[in-house]
Each structure stands twice: as structure tokens, then as C-alpha cells.
Amino acid sequence: MAVTTSSPPGRLNGFLYRPEVRQAIYQVLLLAAAAYVAYWVVNNVADNLRRQNVASGFDFLGRTAGFDVSQSLIAYSNASTYGRAFWVGLLNTLLVAALGIVAATVLGFIVGIARLSSNWLVARLATAYVEIVRNLPLLLQLFFWYFAVLKNLPAPRQSHVLPGGAFLNVRGLYLPAPVPQPGFAAVAIAVGLSLLLMAGLWAWSWRRQHLTGQRFPVLGPALLILVALPLAVFFAAGSPLSLSYPELRGFNFQGGIAVQPELMALLLGLSIYTASFIAEIVRAGILGVPKGQTEAAQALGLSNAQTLRLVVIPQALRIIIPPLTSQYLNLTKNSSLAVAIGYPDFVSVFTGTVLNQTGQAVEVILMTMGVFLALSLATSVFMNWFNRRMALVER
Amino acid sequence: MAGSAITPARPPGAPGGPIAWLRANLFSSWSNALLTLLALWLIYQAVTAAVGWAFLHATWEGPDGDACTREGAGACWPFVADWFGQFMYGRYPEAQRGRVNLVYVLALAGLLPLMIPQVPGKLWSSIYLIAVFPVLATILLSGGVLGLEHVPTDFWGGLLVTLVISSSGIAAAFPLGILLALGRRSRMPIVRWLSVGFIEFVRGVPLITVLFMASVMLPLFIPERWSIDKLLRALIMVALFSAAYLAEVIRGGLQAIPRGQFEAADALGLTYAQKMGLIILPQALKLVIPGIVNSFISLFKDTSLVLIIGIFDLLGMVQSGLSAPKWLSPATPMTGYVFAGLVFWIFCFGISRYSHFLERRLAAGGQRTVAKADEH
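The listed protein sequences correspond, in order, to chains A and B. Position 16 of the first sequence, counted from 1, bears residue number 16 in our numbering, the numbering being contiguous throughout. Position 231 of the second sequence, counted from 1, bears residue number 231 in our numbering, the numbering being contiguous throughout.
Don't take each hint at face value.
[As the list claims (entries may be wrong)] Now the in silico label distances, taken between C-beta atoms and shown as ranges: (1) B:TYR104 / A:LEU29: 55 to 61 Å; (2) A:ILE110 / B:GLY85: 40 to 46 Å; (3) B:ILE346 / A:ILE74: 42 to 48 Å; (4) B:ALA273 / A:ALA46: 36 to 42 Å; (5) B:LEU148 / A:ILE257: 34 to 40 Å; (6) A:ASN304 / B:PRO8: 28 to 34 Å.
[What the hints assert, rightly or not] Residues from chain A shown here face chain B by an in silico Cβ test under 7 Å; the list is partial: (7) GLN23; (8) VAL41; (9) LEU125; (10) PRO137; (11) LEU139; (12) LEU140; (13) ASN152; (14) PRO154; (15) VAL347; (16) THR351.
Bear in mind the hints are in silico, worked out from the structure with no lab data behind them. Note that the structure is predicted; figures quoted are calculated from it, not measured. Even glycine gets a Cβ: it sits at the ideal position worked out from N, Cα and C.
Could you put together the complete structure from these sequences and hints?
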């Protein structure tokens, strides 16, 4: 049998054809290219900065900012430092993210469940909501709420009067503010105590079920403790909480809590937009629980509510939570669009105003990205922890 | 004990007709009936409000914003008519707008044969779209050669810019996304680290900060004598941004390909490029079509963010139309946003419907071959 073989490769050729060698060569080349680009960029930045006479370093954080911010959760004036402005912006972003996440979750779960409703009309309505909202750019929705809706509201003198002593006008939403009176501390302690009691009850009933198999209806007594105890203390202490109502004085409202239209527009836009994505996640999560699970639960004699609470929802949550957290992260990142409607969020205050005033583009952008990277890193750490905890233990 | 056989009862007739449908789907229980009424009320409110605003109380003619300023005025349509040219083309010279339309026709000439399954010549359409069309489009839009008047990108705007950024963004992001996805799954640690670093970095920050970077930091990165066009800078950043997202989508597809496919390709003695290009990627990409389309829709919507760095896309053009004093009226902003929203929505919804169609078609194709294989 004649077998033709190609001549054995030369020594050098053979060496070069070994996969490890080739991989090493590729990687060295890539690393060299990356290092060169990095060197080139750093060099150019240094060159350009020297030519433009821009200071470098993070000293600017200690200098006086000299600009005002329309909303601040911590004490801030134009005599504060740039470093203070950084925190003001960051807290405003976190505020809008927290409120938006709550609103988007509630709305998203309602719409997602409505999409699966056996009621044809309700399901269609929810589908229409999802298809309309998620196919429109978020920025357009923010502009819509801000310029077309909230900026078209009447002047303070012609405010819409809302139930409960709230007012809505072009300057924003004015809500009654709760003002704690002396003796309120007792109520706060009562709330804390009732939470502790509830946790104790929960632990006890859990242990009892594990030992005896008997369930104890936790929900009723727990709610009773949570509501009755603080209420009793509240009235015993002589209702130590008063409401400060907003009042029209001159051209504007005084007192109460004032919510800027920028914050309202941002909240409306972010939560309505994100809710359309959350609705799809919820729907997929519920559909992702096999029908057999429901049937098995019913065969075991569980009631409808028990089936939902003990079988379907825990399994659906396992599917829902990872994409849900990434939507939360998206909402937080999208809150940076505040810069377009003038809400003083982190990007608008820091990456906008501070950058313009100091001209230190490199430092400011690096800090901005650092903040967002830290947020997303924290989210992914949580997600990994959650996935590990929730992973199916299979045989 | 029964003494005689009981004749089995006839099965109940399947309920049919509209009444039965209503009972089953809308009024199956009291709570359901209540929900139905609530939904009907909501729909009634929304439809009357929308019709009243868009038609009954709308302004159809007028020279400026005063015509739309009155109590309870609906849409201000003459504003849209007046600005329509700018919404579509930006400040592109009116005499030259035929060139833009020609580019649209040329794009459709390549896209339609690709998108409609029955039309042959997919390969030639792809080659045309990848190699010929971009050159033609650049020459036509930018001009300056072949006797065409040069139109700087500062004059481009409106829907034209939206389409330019999104289409070239996806065209550049797609190959880059594939490379990054392959890099992330590479066995070479340095390649993997660089890919992971890039992907996670970009996905961790909002697009706005990336665009800010394009407008204030990128000029610092390059020697002073170079200057990159503002539109091109935004384009590069948008492409890099969506490449990171696409890479994650494609990685999902790669992970879903069974190991055996890789091993079979290796056993056949295929090189890495052949293995990926002929065996793995065609299967992986087909699996993640919905994800790719979703990324494209996000990219299309995200192009509106470029207005923050001073590029006038469709939304940016609407914004500048609204801030011009001529059409100032309480009804104008809503009109402008509804118009822009309608355009964006038609594109996004159209793309997502097409991807559904494609998915079903590809799934059906898979089932047919399976059925045939079973017959043998």
C-alpha cells in the first residue's frame, strides 16, 4: 500500500505550528499593540493638556464650586466644594433610581400579570401598553412628560387641587409633609418592636411546621401586630404627628413637600419605560414555570393561593430576578438622561457643570465612569450570589 | 346495582358563537366582568381623548403658533407640515435632498431582496450592501467628488442622521461584537481578559457618559493636528457601545452550541476560522436573532441621545423646531413629540415584527428537516 505523506515539516516550521506557541505569539502581539495604543493615548493626553494649560489631578474637588443646585438632599450652597457637588449629584441619582425602581416594579408586575389574564380585553390592553412604550426612545418619553405635559400645567394660582391637600401646577407637585411632634420617638420604637415580634413569630411558626408539619397562619397575626401595636402607641402618645399643608403665599406655595417637575418627569418616564421591560420579564418568568408544577400542587391538595405562593411564585422568581436586577441597573444608568431635562442628577451636576467649570475632562469622566462601574459591579456581585443561592440542586 | 345498561349521554355540544366567546373571555366571573368594564372605560377615555386631540380639536392650517393657541386646542399640524423637511433631512440643502432620497432607494434595493425570502440573489444583495452601498452612500451624502456639491455633516440632520448613525452603527458593531464574543470565549488568557474588560466596562456605564467622552475626551486622545468629525466621533462611540451589548448576545448563542459541534469541526481538520465561520457561527447567530434584533432596536432608540452632544437627529430637530419662536404655543410640544414618536415607533415596531416573522420561518425550517430525517 502506497501512502504518500507530506514531507515532515522543518524544525522551525514545526515549532511555529504548535498551538501553544502560536497562541503565545498572538497574545504577545495583541498585548504589545494594546500597550502601544495606551502609551500613545496617554502621551497625547499629556501633550494636549500641557498645550491647553489645564491643571491635572484631583485638587479641584476641594475648591469652591460657585454654582447652585436646584435640589439637594444634603446641605449645599454655592460656597460648597466640587467634592460636595459630587455627593449632591450622586444622592439625587440614587433618589431617582430608588423611587423609579419601586414604581417600575409595581407597574411592571401589574402589566406583566395582566398580559397573562384570562380576560381577553385586559390582556390586549397590557400588550398594547408594552408594544407602544418599549418601542419609543426613553429620551422622547422624558421630553414628552416634561415639555408637553408638566410644562403645560397651569400657574400656581390656578393649580389643580388634588385630594388630601396636594396641589399640582407648572412649578411642581406640592404634597402635605408629615411633621413629627415630641413623643413621636415612642411610635418609632413601637414600629421597631412590632417588626421584631413579627420576625419572632415567623421563626417560631417555621420551626413548628418543620417539627410537627402543622402550619400556623402567620399573615393575619403578623399584620395585626404590625398595624395594631404602633397605632395603639400612636394614639396613647396623643397623635404626635401633624401634617404641614402647602399653602399659596404670593406667587408660590410654601410648606409641605415640593416635588420639582424635572424629578416628576424623570420618574414618570423612567418607571413607565422600564415597567414595559419588567412586564415582559414577569410574563416570561410565570410562563417559564411548567404546567406540571401547578397540576402537581393541585394534586397534593394545595389551594389556589397556596399553589401560587408556595409553588409557582418561588420558581417564577428564580427566572425573574436576574433579568430584573439588570433592568434596575438599566434604570439607574438611564437616569443619567436627566441631563436633558435639567434634573440635577449625578451626570448633570458633575459630568456637566463641574466639567464645564473646571475643564478637567479626564478626571471628571474617569470619576463618572468609576461611579457607574462600581454600581454595576455591586449589582453583578449580588446577581452571582443570588444565582448561587437559587441554583437548582440537581441529582 | 343497576339492573339495566344506561345509554351514555351525548357529549355536551361545544359552545360556539360570539356570546359563548364573550362569556368565556370577558365575563367568566364577576371580578372578570368588572375588569372588562374597567378596561372598556379606559379604552373609551383614551380613544376619545386621542381622536379629539388629533382630529376634532386639531388645527389644520395656520401661519404660526398663534393659530394653535386657544382654549382646548388639539394638535398643531401646520407646525409639522412647516418643519417636515427639517425633520427628515435637517439642514441638508433643499436642492440636494434628492441625493438623500436616492440613497434611501439604493438601500431598499439591497435590503428588500435580502428581507423577502422568495427573492433570489441573497449573496449578491449582501455583497452589494456590504461593499458597494456604503461607498455609494458616502459619496452621495457627503459629495465633494464627481461634481457633487460638498455637504458637511454639520448640515445633516433629522431622520437622515438617525438612520445614518443606527445603520452604520449596527454595521460596524456586528463584526466587532462577533470578535469580542469569540475573544471572550477564547482559550488565550490575554485575549479573554481584554475582551471581558472592554465588554464589562462599556456595559457598566451609560451611553451618555460614553458620548460625553466622545465629545470632550476623544479630542484629547489624539494628536492636536488630527480632527475627527463630530458625527463620526458619535458614530464610533455608538458602534463601540452596541458592540459590547451584541457581544453578550452572541456569546449566549455560542454557549448554546453543543460541544460535539466544536469537536466534529476539529475532527474534520478545519482551521479555527473555518470552524467558526462555517460550523459554529451560522448556528449560534441563528439562535440569537431575537437578541440581535433587540440590540438593534435599542441602538435605534439610543441614537436620539446624540442630541445631548449637539447632533440634530430626528428628536433633536423636533426639539429645535419647538424652541423656535415662530410656532410657540401650548399645543406644539405634544404635536412635535407625537410626530417623532410615530416615526420612531413605526421603525421599531416594524423591525420587531420582522424578527418575529424570521424566527417563525427559521423554526419552521428546522422542524421540516427533522421530519424528513425521520422518514428515512
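List of violated hint numbers, smallest to largest: Violated hints (numbers, rising): 1, 5, 14; every other hint is consistent with the structure.
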